[in-house]
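Fit chains B, C, D, E, F, G and H to the known structure of chain A by using the hints.
Number of protein chains: 8
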Amino acid sequence: MNIDELLNKLKDGKISVEEAKEHLKMLPFHDLGFAKIDFHRRLRKGIPEVIYAPGKTKEQIKRIVMEMKDKEKVFITRASEEIYEELKNIENCRFYKECNLIVIGKKEIKNRNGYILVVSAGSSDLPVAEEAAVTAEELGNRVRKIYDIGVAGVHRVINYMEEISKANVVIAVAGMDGILPTIISNFTSAPIIAVPTSIGYGTGMNGLAALMAMLNSCSPGIAVVNIDNGFGAGVVAHLINEKINSQ
Amino acid sequence: MNIDELLNKLKDGKISVEEAKEHLKMLPFHDLGFAKIDFHRRLRKGIPEVIYAPGKTKEQIKRIVMEMKDKEKVFITRASEEIYEELKNIENCRFYKECNLIVIGKKEIKNRNGYILVVSAGSSDLPVAEEAAVTAEELGNRVRKIYDIGVAGVHRVINYMEEISKANVVIAVAGMDGILPTIISNFTSAPIIAVPTSIGYGTGMNGLAALMAMLNSCSPGIAVVNIDNGFGAGVVAHLINEKINSQ
Amino acid sequence: MNIDELLNKLKDGKISVEEAKEHLKMLPFHDLGFAKIDFHRRLRKGIPEVIYAPGKTKEQIKRIVMEMKDKEKVFITRASEEIYEELKNIENCRFYKECNLIVIGKKEIKNRNGYILVVSAGSSDLPVAEEAAVTAEELGNRVRKIYDIGVAGVHRVINYMEEISKANVVIAVAGMDGILPTIISNFTSAPIIAVPTSIGYGTGMNGLAALMAMLNSCSPGIAVVNIDNGFGAGVVAHLINEKINSQ
Amino acid sequence: MNIDELLNKLKDGKISVEEAKEHLKMLPFHDLGFAKIDFHRRLRKGIPEVIYAPGKTKEQIKRIVMEMKDKEKVFITRASEEIYEELKNIENCRFYKECNLIVIGKKEIKNRNGYILVVSAGSSDLPVAEEAAVTAEELGNRVRKIYDIGVAGVHRVINYMEEISKANVVIAVAGMDGILPTIISNFTSAPIIAVPTSIGYGTGMNGLAALMAMLNSCSPGIAVVNIDNGFGAGVVAHLINEKINSQ
Amino acid sequence: MNIDELLNKLKDGKISVEEAKEHLKMLPFHDLGFAKIDFHRRLRKGIPEVIYAPGKTKEQIKRIVMEMKDKEKVFITRASEEIYEELKNIENCRFYKECNLIVIGKKEIKNRNGYILVVSAGSSDLPVAEEAAVTAEELGNRVRKIYDIGVAGVHRVINYMEEISKANVVIAVAGMDGILPTIISNFTSAPIIAVPTSIGYGTGMNGLAALMAMLNSCSPGIAVVNIDNGFGAGVVAHLINEKINSQ
Amino acid sequence: MNIDELLNKLKDGKISVEEAKEHLKMLPFHDLGFAKIDFHRRLRKGIPEVIYAPGKTKEQIKRIVMEMKDKEKVFITRASEEIYEELKNIENCRFYKECNLIVIGKKEIKNRNGYILVVSAGSSDLPVAEEAAVTAEELGNRVRKIYDIGVAGVHRVINYMEEISKANVVIAVAGMDGILPTIISNFTSAPIIAVPTSIGYGTGMNGLAALMAMLNSCSPGIAVVNIDNGFGAGVVAHLINEKINSQ
Amino acid sequence: MNIDELLNKLKDGKISVEEAKEHLKMLPFHDLGFAKIDFHRRLRKGIPEVIYAPGKTKEQIKRIVMEMKDKEKVFITRASEEIYEELKNIENCRFYKECNLIVIGKKEIKNRNGYILVVSAGSSDLPVAEEAAVTAEELGNRVRKIYDIGVAGVHRVINYMEEISKANVVIAVAGMDGILPTIISNFTSAPIIAVPTSIGYGTGMNGLAALMAMLNSCSPGIAVVNIDNGFGAGVVAHLINEKINSQ
Amino acid sequence: MNIDELLNKLKDGKISVEEAKEHLKMLPFHDLGFAKIDFHRRLRKGIPEVIYAPGKTKEQIKRIVMEMKDKEKVFITRASEEIYEELKNIENCRFYKECNLIVIGKKEIKNRNGYILVVSAGSSDLPVAEEAAVTAEELGNRVRKIYDIGVAGVHRVINYMEEISKANVVIAVAGMDGILPTIISNFTSAPIIAVPTSIGYGTGMNGLAALMAMLNSCSPGIAVVNIDNGFGAGVVAHLINEKINSQ
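Residue numbers (my numbering), protein chains in the order written: chain A, 1 to 247; chain B, 1 to 247; chain C, 1 to 247; chain D, 1 to 247; chain E, 1 to 247; chain F, 1 to 247; chain G, 1 to 247; chain H, 1 to 247.
One chain only, chain A, in its complex shape:
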């Protein structure tokens, strides 16, 4: 049934409006509900709208936020105090200073089984780890954190073995040699989202060494997001956790 037949049938009363809409959705190569699906996806699943602050004036950011704020949760990454000053009178606007993240929209509270675990290697990685943790929390997940796990040697991971093994998803944040996700993978069968950070110097190349180590891990079960992309890791972990909780 092509579009003409479809519309003619509707006109002739052979099908109802509802049936016409159903068929329209099924027609090859197009989709009547295209954007709405996306809208639904975002709203129901909690994929946030994200504004990357660098390169934008606070006025530009405010304008974008005002357009979005009624329908969707908005995250502003790499935001400054100054931007927050501009936005703080907006309802439900929160500034997470440790990770330079502004979130606008109601904090969701969901009844979830299990938790997302955020693990970081050193305290210099904290802003990235926090960005991941806050993102996941703001999207309604239970989040646990183990920071500085690598401060005094890889073996200390063993102390947290149980907490690691029981997580639904693990976000592992590390700079320098990026070894943490591989170590973690020995203690859990949860999927691991690895986040390289730009911590380090010389051949660390602003996180490239960590990224490459993570992509080349000899231990399967690890997927990677961009350098310093705590927000992205938080969203991926959230999507996985949604699927787990939707069963």
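The set of hints was computed from the structure by calculation and includes no laboratory data. Mixed in with the good hints, there may be bad ones.
[Said to hold, decoys possible] A few chain B residues facing chain G, derived, Cβ under 7 Å:
(1) G13
(2) G55
(3) K56
(4) Q60
(5) N226
(6) I227
[Unchecked claim] Label-pair ranges, simulated between beta-carbon atoms:
(7) M66(G) x R63(B): 34 to 42 Å
(8) S165(A) x E19(B): 30 to 38 Å
(9) K145(F) x I109(H): 36 to 44 Å
(10) E59(B) x M66(G): 31 to 39 Å
(11) N92(G) x P54(B): 33 to 41 Å
(12) K58(F) x E81(G): 27 to 35 Å
(13) K58(F) x M66(G): 35 to 43 Å
(14) E81(G) x K145(F): 30 to 38 Å
(15) K97(C) x E82(G): 34 to 42 Å
(16) I109(F) x M66(G): 32 to 40 Å
(17) T57(E) x E5(C): 56 to 64 Å
(18) R63(B) x Q60(F): 48 to 56 Å
(19) E85(F) x M66(G): 30 to 38 Å
(20) R94(B) x M66(G): 52 to 60 Å
[As the list claims (entries may be wrong)] Straight-line alpha carbon distances no greater than 25 Å define the calculated DSS-like cross-link-like pairs of lysine-lysine that follow:
(21) K14(B) x K14(E)
(22) K21(H) x K11(G)
(23) K166(C) x K145(D)
(24) K21(B) x K166(G)
(25) K9(H) x K21(G)
(26) K14(C) x K11(A)
A virtual CB, placed ideally from N, CA and C, is assigned to each residue, including glycine.
Leaving out everything else, chains B, C, D, E, F, G and H in the frame of chain A:
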């Protein structure tokens, strides 16, 4: 003195508690179950043992396989026909020619809700996509495949909208500009595991362009594995699907 | 007017089927003719379907060709003699050996004002230059060629000044230091599509040096395609020439 | 002895033909029109003179401008407010603050068919997009702009389908994954000039990821200029539009 | 149930050997001495705990230091005066200004045979050389220094031939072309730890040129640490010197 | 109308000075001697015409050679035995097998003061060193060679001190760490042309490590040509030697 | 006292021959014993002469060997069976096939305390590990090997804890993510020489990922040699072991 | 004859002091005049001592200068006004502000044939061009300068044809696409020393694009120094000019 002797001596009063503690510290640590934990993790969760074939002789590979084969499922990636000839008399040895993968061990059949979807951009990406699909299938997952989705333009993705939107996890395989995962992410709230392939030329740089595009996707919800690493994507997708089905 | 109103009006006879179709096209966030537009664009404008041969078997290529051949012109780049053997019985199948290009579909003859000029620096660049020239010709453009222009020194360009200055578009193909497009730009006000080639060695880095020189040209008016991408340059030049001839 | 003297002497029989030829060879070559040709090309076609400000003092810039300003239109890219202060008393000197561009010379008004469309992905890309738009406008083209098209998902491009499909040339500006030009190419048969921007972080590598994605686009019809080179894109688009309008 | 309770119950016959083994497997592994082994290694051998300052607040650093200070020697690399102000009241806290290194813990005095030699090419390399020297000294080694050896030409190395030839280990610090370790290796049979520095410009690429030259030295006997990693070189040299003195 | 006709018409009063000027502008510029200047430069100074063989068929090469051979000396670099077979019947055609160089044209014998010295580090660098030496010799220079100078340690350079110090120019060829030119520079006040070779592995990166070391040499007086570009080094050294001998 | 005064004093009997020699050594900027020291260093300490085979003909290699063989031990790395055929009649010539190493000269037997440990991650790394082990053994060291330690998970390292902790030096060989040396460093206070191998694919970049991970290890005590440079690691370990045994 | 025999013979009057000196020079592997040669080379030939200022305190620089100033000419590159303040009371200390160069020592005046020509592409390249020019002048060469030659198009080079063609050496300074040296090479048979500058943006990569273009120039006769290394270019040009004038 092994662990049994040690504990029996303590029980029989032949050594003190303090002496027992001292001896315990000296035991090879795996005796205490360490390695078994790992063994359990792998066996129960289905993380396969993997042998990367390049650089190894077929004799070396056979020797490694023989040590492992009783306890664990073994995958041999980037394997040749010749290696298969060496191994084919081993029980439960299968060769997946399209992706140069050998699997040894019983094919698992599990009762699963939902499926993993493997999507690829072009038919040149097929070996990598197949490696991902076979890996996931061999680990007991239901797998659906949509290949060549990008052959005649990005818009054709729309035809598969429903199948994409209902997957538990999507593995998106693409070379060249690596655009596929970002397009896919508009049609699903499932987590997406992106696999860059080395297909392309010039500044494609054997998959680096695709990798970088995927890591920098403006759409959140995508995590990435190494270039051409279909096996790794299959394992991550499997771990996620396990978690989903374990609820 | 939203989708429900629209369909109800049609059902109630307040608008005609044609009007309904027109409105459907105008609805926000979707498009009933999505794919068709693309189809038209390709067919009318002559953007060819392209199959990148490496990594595909000749059987795979044949299968793809058979699906496409009735509706669209098909180009197969980086093709081998062997692939041509597989395809040569298909109607209107031509093999351009110098540039490893197979074209399937009728050769278009169009009445065009002006020509596309393909200029190359050295005879090693010939396969790429030919790929550009054949692509443009097959799409119905008049094409002129000046090859080896750089063989004995940049100054020889001056001999061809007139031919260069009168072209509608110039495709400039060069490896090594990639200087040719910049030289050419002194003799024409036509847009220049620069194609770096992988000819050279050492720090030439398979075309990267030429690419970088072209992107950083001190002369404005140059845009660049991928290394060795003669096909891409041919298509861009064709699209420009179409626009020129459509006035 | 300048060219007039030389020819007059020959005419008057004071020197022989052979002597005249010898002298001609010795004349600075531009006396023979070489430079004038270039001058004509630039003046008639509107290729502007460009001064790249970084690394130059405002005094140096002023000196260069003063030499050029009578004969040609001058653009100063990456200029600061401070430089503008130095130059603002020059007749017809304009400062475009959003893109740090100073233009000196009369604004051209031309009667043109069609328009150049400038599309950008995010508001952080605005300075580069504006540089392209202003450049094209200053050279006498009609310019339309669609900014922030990628802010909330690639699908929103569909809203602008008609405007995109009718442009003479499209300039597509994007950072991060550089996906925009490829998406745009599905909606138009116009040539697309892609401009990667340095927006992003980590493996975005100051625009390299976007550049590579654009050069490796699976959709033909896209040519690329240097990272952040809005000016260059504006000039290429202008040259194409000139050719279209010259028919 | 901790390890003592467990063993006591076994001894008292309250649990069987089998039950004891089961429980042992469940204990956090470090209870069994795992971490202590590491502790012993560090304490006895003098491998210091290291805190990399960049990206940490002075408060974070203080907190970490307070946890560690009683048991172990702590080094804080890339520290600022400001951090020292925060920490200076801690007992045995020293600030080495030339190399931005803070050390906390008693300065060890050991009776050693032989010395570690730190050689640097230019005075710009001094902070890195000093970091290596101070690290080795603080760990109880005798250290000699020859700085600026390359200031006026490679041949001046000859003046220090004897001092070079008698060292137990040589740390050779150099930026730019990184030639120094190779020159040094002609005068000694001691192992050489090479430290590339980020001194230089252009293709020196912040130390990459020096690193690559060192890794590719035509003279065997050289091993390399990260760019600017004076601390790492000091530790490796110390470990070698410990082994030498332990015989 | 050629230049002679033009000037004769002016002389004969058939055209005015203004008309003559107009026509002069239209003449192909080389008619006015432009190309001849270049021709003279090449012929008198001995800058050879060079054909880079890779990517060209032997037939293409022969055709180019036939066009050039009467007026100029021709070098064919990276040539094969097979190409030589095609060309060997051409008068004065020589094949230098060790460096895959074909030279066509009479061997020049010039009366020169002083010599060009070619020094190489290892015997693997020999083909590049030979290409430099043969090029310089064929252009009429006296050439001396010291090969394998680095085989057993940098200090052996001293044995050749006198020969090094008296050269007019030194060509220093080296792979791996590229240290040789810097060492050489301690023994001569001649300009040094450094040639990195692609000998080595791993981080040697096909000559990049050597190139970077040479560009960053702490010893001034060294200029560099492309990796493996023995021919280029030979030409630069020849040009310098020409200038020295022209005084 | 300059050289003339010195020699005159000797001639005049004012100083003895011994005094003259002492003074000669003290003269600024030169050294009478320069090469001899080097000679002694090599002979006594066992730093072998090394010939890197690729790029050399078997005849060239033979010629170099014949010059060296009487005085020194010679290693030929990356040698082929064919080269061995050419050399096998030379006295004391051995071919180590697994690592393509030829050694010429008597196998040294030394009385040593302690051993060098060579550890490798996977069996693909075996050729590099063997090159390191054979090199160290041929130079007279006791060598122990633990190969494939990473085949089934990092935790298996624990089984070898004692052997690792007691080594004088550890050579740790690994490709892919290069994690092994960092793991090893938790079990020993011996210096670790890390050797990245080119095993892996994609972003492994022929060993670059492993190299970068090793250089950026969060565990101090590791120094690195070039990718695949087993020979170099063997020499560094030998030099350290010599120093240890010389006390 | 070894050193003992030699000295004994001298003592016994069997050889003269002159003969002894001659023999001393001939002794294997060493050289009595080693440093003096270097000393002579530097003093007579005017290779200056160079201090690279970044990373050094003004006190360190002063100390180094004081040690050197009596015997040699000293250049301090990348120096600041502040450093000059520290040094300006030293006799014969000059600050060249445009290129941040301090020179200490008498300005040499030499009687030279011919001149060194410094050509630069744009006024942003001026500091680097000036560094080259001042260096060459300070070493006693006649220097001519043509700056901004590329400001309005490559063709303007023709105006300076004669001046270019008559230079002894040409230093060509250019950023961006680095095309200038190649253009220049069409007008001269002098050797060309090319200096890439870090002027530009995006893929210009701080001079890498220019460097690569220069190394890959299709025109032979060009050698390259490090990015922004005007000093190095000045020294190489000086050494060439010395050789020319020494005939």
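Cross-check of the supplied hints:
Among the interface hints, the one on G13(B) is violated; its C-beta lies about 29 Å from the nearest C-beta in chain G, farther than the 7 Å criterion. Among the interface hints, the one on G55(B) holds; its C-beta lies about 3 Å from the nearest C-beta in chain G, closer than the 7 Å criterion. At its closest, the beta carbon of K56(B) sits 5 Å from a beta carbon of chain G; the interface hint therefore holds under the 7 Å criterion. For the restraint placing Q60(B) at the interface with chain G, the shortest Cβ-Cβ distance is roughly 5 Å, inside the 7 Å limit, so the hint holds.
Look at N226(B): its Cβ gets to within about 4 Å of chain G, closer than 7 Å, so that hint holds up. Because the closest C-beta pair between I227(B) and chain G is about 3 Å apart, less than 7 Å, the hint holds. For M66(G) and R63(B), the Cβ-Cβ distance of about 41 Å falls inside the hinted range of 34 to 42 Å, so the restraint holds. Restraint check, S165(A) to E19(B): a C-beta distance of roughly 32 Å satisfies the suggested window 30 to 38 Å.
At roughly 39 Å, the beta carbons of K145(F) and I109(H) sit within the given window of 36 to 44 Å. With their beta carbons about 37 Å apart, E59(B) and M66(G) fall inside the hinted range of 31 to 39 Å. For the hinted restraint 33 to 41 Å between N92(G) and P54(B), the CB-CB distance of approximately 35 Å keeps it satisfied. Here the CB-CB span from K58(F) to E81(G) is close to 34 Å, well matched to the stated 27 to 35 Å.
In this structure the hint that K58(F) and M66(G) lie 35 to 43 Å apart at CB holds, the actual value being about 39 Å. Evaluation of the 30 to 38 Å hint for E81(G) and K145(F) yields a pass: the beta carbon distance comes to about 32 Å. In this structure the supplied range 34 to 42 Å holds for K97(C) paired with E82(G), their Cβ-Cβ distance being about 38 Å. Look at I109(F) against M66(G): about 36 Å separates their beta carbons, and that is inside 32 to 40 Å.
Separated by about 59 Å at the C-beta atoms, T57(E) and E5(C) satisfy the suggested range of 56 to 64 Å. A beta carbon spacing of about 53 Å between R63(B) and Q60(F) agrees with the range 48 to 56 Å that was offered as a hint. The given range of 30 to 38 Å is respected by E85(F) and M66(G), whose C-beta atoms sit roughly 35 Å from each other. Evaluation of the 52 to 60 Å hint for R94(B) and M66(G) yields a pass: the beta carbon distance comes to about 55 Å.
The straight-line distance between the Cα atoms of K14(B) and K14(E) is roughly 17 Å, inside the 25 Å bound, and the hint therefore holds. For the hint linking K21(H) to K11(G), the alpha-carbon distance of about 12 Å falls within 25 Å, and the restraint holds. The suggested pairing of K166(C) with K145(D) is violated, with an alpha-carbon distance near 31 Å, which exceeds 25 Å. Simply put, K21(B) and K166(G) have alpha-carbon atoms about 23 Å apart, close enough for the 25 Å limit, and the pair holds.
With a C-alpha separation of about 14 Å, the suggested pair K9(H) and K21(G) falls inside the 25 Å cut-off, and the hint holds. Distance restraint check for K14(C) and K11(A): the Cα-Cα separation of roughly 10 Å lies within the 25 Å cut-off, and the hinted pair is therefore satisfied.
Comparing the model with each numbered hint stated earlier shows that hints 1 and 23 do not hold.
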